[in-house]
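Colleague: Residue-level listing of the chains:
Number of protein chains: 2
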Amino acid sequence: MTAKVNRQWRLVARPLANFKDSDFAWREDSVPTVGAGQVLVRNLYLSLDPTNRIWATEADSYLPPVALGEVMRGGGVGVVEESQHPNFPVGTNVSGMIGWQDYLLSDGAGLSPLPHLPGVPLTAFLGLFSHIGMTAYFGLLDVGKPQAGETLVVSGAAGATGSLVGQIGKIKGCRVVGIAGSDDKCRWLVDELGFDAAINYKTEPLRESLQKHCPKGIDVYFENVGGEILDAVLTLINVKARIALCGLISQYNATAPVPGPYNFANLIARRARIEGFLVLDYMPRAQECFAALGKWLMAGKLKYRVDEVAGLENAPTAINKLFTGANSGKLVVKIA
Amino acid sequence: MTAKVNRQWRLVARPLANFKDSDFAWREDSVPTVGAGQVLVRNLYLSLDPTNRIWATEADSYLPPVALGEVMRGGGVGVVEESQHPNFPVGTNVSGMIGWQDYLLSDGAGLSPLPHLPGVPLTAFLGLFSHIGMTAYFGLLDVGKPQAGETLVVSGAAGATGSLVGQIGKIKGCRVVGIAGSDDKCRWLVDELGFDAAINYKTEPLRESLQKHCPKGIDVYFENVGGEILDAVLTLINVKARIALCGLISQYNATAPVPGPYNFANLIARRARIEGFLVLDYMPRAQECFAALGKWLMAGKLKYRVDEVAGLENAPTAINKLFTGANSGKLVVKIA
Chain R
0 MTAKVNRQWR LVARPLANFK DSDFAWREDS VPTVGAGQVL VRNLYLSLDP TNRIWATEAD
60 SYLPPVALGE VMRGGGVGVV EESQHPNFPV GTNVSGMIGW QDYLLSDGAG LSPLPHLPGV
120 PLTAFLGLFS HIGMTAYFGL LDVGKPQAGE TLVVSGAAGA TGSLVGQIGK IKGCRVVGIA
180 GSDDKCRWLV DELGFDAAIN YKTEPLRESL QKHCPKGIDV YFENVGGEIL DAVLTLINVK
240 ARIALCGLIS QYNATAPVPG PYNFANLIAR RARIEGFLVL DYMPRAQECF AALGKWLMAG
300 KLKYRVDEVA GLENAPTAIN KLFTGANSGK LVVKIA
Chain W
0 MTAKVNRQWR LVARPLANFK DSDFAWREDS VPTVGAGQVL VRNLYLSLDP TNRIWATEAD
60 SYLPPVALGE VMRGGGVGVV EESQHPNFPV GTNVSGMIGW QDYLLSDGAG LSPLPHLPGV
120 PLTAFLGLFS HIGMTAYFGL LDVGKPQAGE TLVVSGAAGA TGSLVGQIGK IKGCRVVGIA
180 GSDDKCRWLV DELGFDAAIN YKTEPLRESL QKHCPKGIDV YFENVGGEIL DAVLTLINVK
240 ARIALCGLIS QYNATAPVPG PYNFANLIAR RARIEGFLVL DYMPRAQECF AALGKWLMAG
300 KLKYRVDEVA GLENAPTAIN KLFTGANSGK LVVKIA
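Respectively, the protein sequence lines represent chains R and W.
Residue numbering for the first sequence follows numbering that gives the first Met the number 0, beginning at 0 and increasing consecutively.
Residue numbering for the second sequence follows numbering that gives the first Met the number 0, beginning at 0 and increasing consecutively.
Be aware that one or more of the hints could be misleading.
Because identical chains cannot be distinguished in the list, a pair is counted as satisfied if it fits within a single copy or across any two copies.
[To be verified] Quick list of in silico lysine-lysine cross-link-like pairs, DSS-like style, CA-CA up to 30 Å:
no.	residue 1	residue 2
1	300	215
2	144	3
3	333	144
4	333	211
5	19	215
6	171	144
7	211	302
8	19	294
9	3	300
10	3	215
11	333	19
12	19	300
13	239	144
14	294	201
15	215	333
16	171	239
17	211	144
Hint data in this document are derived by calculation from the structure and do not stem from the laboratory.
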């Protein structure tokens with residue numbers, strides 16, 4: 000028995016647009032007792048991702064919705080504090096679906112022990128060396144299939160995934176143009192990450208800017224956003240263009256059905272492809288991805304930025320930064 | 000010099016919705032004189048296709064628009080009547096872009112001599128052994144990539160292309176469900192062509208019927224139509240589904256921008272692909288296609304239907320049958 004408290008955010012209402020504080024209930028539960036074959040993980044960092052919004056929706060998507068009354072689902076990293084499981088000794092750092100809470104009781108399924116990499120902070124296992132890095136790596140290379148000399152456009156380019164996608168595109172020899180929502184973000188993309196150009200979609204005429212920065216048209220588009228941005232890109236795609244459909248964050252908070260792109264028919268004229276993907280399908284190939292990303296990181300070819308919010312209590316407000324564009328880089332919550 | 004007349008339909012206005020007679024002007028021109036290296040083709044059958052509507056639009060698509068005042072562009076078959084070209088002796092049957100007219104003067108570029116196949120009428124070279132057969136063959140096999148045991152859905156299933164797609168799907172071992180616009184068409188698909196089921200989209204609840212006839216979901220969708228049909232299909236696609244985007248006939252006559260599918264985001268949850276294609280890209284592989292189709296035709300595995308309209312003068316009204324769904328099978332005009 001332990002007297003520690005397990006603070007939790009439980010989902011109690013389905014959000015209609017942005018998350019509201021009242022969609023969650025704060026609960027202080029007792030910390031569960033560890034049984035045979037179980038581990039108790041003290042959660043350290045919680046990952047906030049656009050897909051959390053999908054999980055809070057009634058509709059069954061690629062994962063079942065979080066049931067009302069349950070702890071909100073979320074990925075993260077933590078440290079094993081008590082263990083009756085041979086694979087997870089006390090002190091092991093792990094990643095997995097930790098939930099929006101201080102402690103996770105687990106039988107080890109879905110938990111991954113984290114390697115100790117010198118100079119690499121724990122939060123990197125929520126970004127570069129996580130589903131984020133894998134999403135960028137496999138989405139771009141397996142679905143987008145960029146070739147050296149081609150033009151790659153990335154939306155949500157200053158986000159955790161988008162910023163990696165653009166850098167991998169540069170490593171692969173592409174001309175890379177990012178779309179982001181502030182001048183600061185655009186400067187970061189060009190000056191620090193080496194993008195060839197960046198477009199502030201809030202202040203620049205989107206299609207004209209794309210046309211200017213993509214004089215040879217668009218061969219690969221990595222899509223995180225949807226809506227008007229996708230439509231503008233569709234007018235400029237080259238023959239045999241590939242659109243890797245990673246996310247459609249512009250519509251996750253929509254309260255009415257959102258139409259697909261108006262320039263949809265251009266897929267025919269350009270013999271182009273839109274393909275959705277989920278990082279879940281690539282889990283068996285994680286090591287291939289992390290080996291490549293690690294090599295590039297050590298060679299100074301990859302940079303990443305973590306946007307760290309302090310305190311589990313702030314998770315419900317922090318997550319909306321993803322939808323207002325207020326974050327830059329990987330959004331995480333430092334739990335305690 | 001010849002005293003024969005070359006009757007022509009020239010495009011003189013851009014259609015707003017369906018073609019109107021006033022979009023065309025009837026002109027009786029003299030028949031051009033054949034020069035060195037040229038042939039005069041007497042046109043026999045004109046092919047009417049949904050894509051004709053795209054060519055009449057101002058916008059540059061995969062081919063430049065037909066200029067106002069020019070003879071309307073159209074494929075067809077004819078016979079060489081005069082020749083100063085060694086490859087096209089008088090009497091040779093040819094296919095190509097003959098235009099909406101009695102006679103074509105050509106230097107031979109884009110004209111293909113037709114083989115003499117016993118028992119195969121000339122109109123088959125506007126259907127099975129033409130761009131239509133190639134569209135069905137390569138669109139289904141190269142883009143849709145059906146596997147035996149998978150479920151294939153075809154829209155515009157009683158059309159020239161769709162009816163071949165479904166039959167090729169059966170040859171490849173798929174469960175095949177067609178969507179068409181009348182009970183007669185649906186009976187033809189099931190009773191004569193061997194489709195497993197057919198849905199009359201005008202009288203049946205589309206999604207429910209698809210669900211009933213596709214109990215294992217939809218793996219491949221061959222899209223000729225767009226709009227609500229595509230949206231219904233998108234709710235039922237399986238993981239890794241392939242959508243071969245051949246046409247979007249429901250929107251060619253639209254007078255306002257048409258949105259893409261509302262269930263677009265399902266491409267992500269299902270890791271599915273939509274890919275546009277054009278038969279033009281497959282011209283170098285025509286022989287591979289026609290050899291396969293010819294073999295299946297001889298084996299009694301392929302049937303096709305020709306909807307023949309008499310008289311070039313009726314072309315402007317006949318073409319709208321494609322958009323009202325009044326035709327069944329390949330729509331052609333017997334010119335003289």
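Colleague: For each hint, tell me whether it holds in the structure or not.
Modeller: Results for each hint:
In this homomeric assembly, residue 300 and residue 215 come within 30 Å of each other (Cα to Cα) only inside a single copy, at 25 Å, whereas the closest approach across copies is 46 Å. Proximity of residue 144 to residue 3 under the C-alpha cut-off of 30 Å is found in neither arrangement, the shortest distances being 50 Å within a copy and 57 Å between copies. For a Cα distance limit of 30 Å, the shortest separation of residue 333 from residue 144 qualifies neither inside one copy, at 36 Å, nor across copies, at 47 Å. For a Cα distance limit of 30 Å, the shortest separation of residue 333 from residue 211 qualifies neither inside one copy, at 41 Å, nor across copies, at 49 Å.
Taking identical chains as interchangeable, the C-alpha atoms of residue 19 and residue 215 are never at most 30 Å apart, the minima being 44 Å within one chain and 39 Å between chains. Taking the shortest Cα distances, residue 171 and residue 144 sit within 30 Å of each other both inside one copy (10 Å) and across copies (29 Å). Within a single copy, residue 211 and residue 302 get their C-alpha atoms as close as 27 Å, which meets the 30 Å cut-off; across copies the closest is 51 Å, which misses it. For a Cα distance limit of 30 Å, the shortest separation of residue 19 from residue 294 qualifies neither inside one copy, at 41 Å, nor across copies, at 64 Å.
In the homo-oligomer, the alpha carbons of residue 3 and residue 300 never lie at most 30 Å apart, since the shortest distance is 43 Å inside one protomer and 73 Å across protomers. With identical chains, the CA atoms of residue 3 and residue 215 are never at most 30 Å apart, being 61 Å at best within one copy and 49 Å at best between copies. Taking the closest pair of Cα atoms, residue 333 and residue 19 come within 30 Å of each other only inside a single copy of the chain (20 Å); across copies the shortest separation is 67 Å, beyond that limit. Neither within a single protomer nor between protomers do residue 19 and residue 300 lie at most 30 Å apart by alpha-carbon distance, with minima of 39 Å and 60 Å respectively.
Both within a single protomer and between protomers do residue 239 and residue 144 lie at most 30 Å apart by alpha-carbon distance, with minima of 11 Å and 17 Å respectively. For the identical chains of this complex, residue 294 and residue 201 are neighbours neither inside a copy (35 Å) nor across copies (58 Å), given an alpha-carbon limit of 30 Å. For a Cα distance limit of 30 Å, the shortest separation of residue 215 from residue 333 qualifies neither inside one copy, at 44 Å, nor across copies, at 44 Å. In this assembly of identical chains, the alpha carbons of residue 171 and residue 239 lie at most 30 Å apart whether taken from the same copy (19 Å) or from different copies (26 Å).
In this assembly of identical chains, residue 211 and residue 144 lie within 30 Å of each other by CA distance solely inside one copy; the values are 23 Å within and 37 Å between copies.
Comparing the model with each earlier hint shows violations of hints 2, 3, 4, 5, 8, 9, 10, 12, 14 and 15; every other hint is respected.
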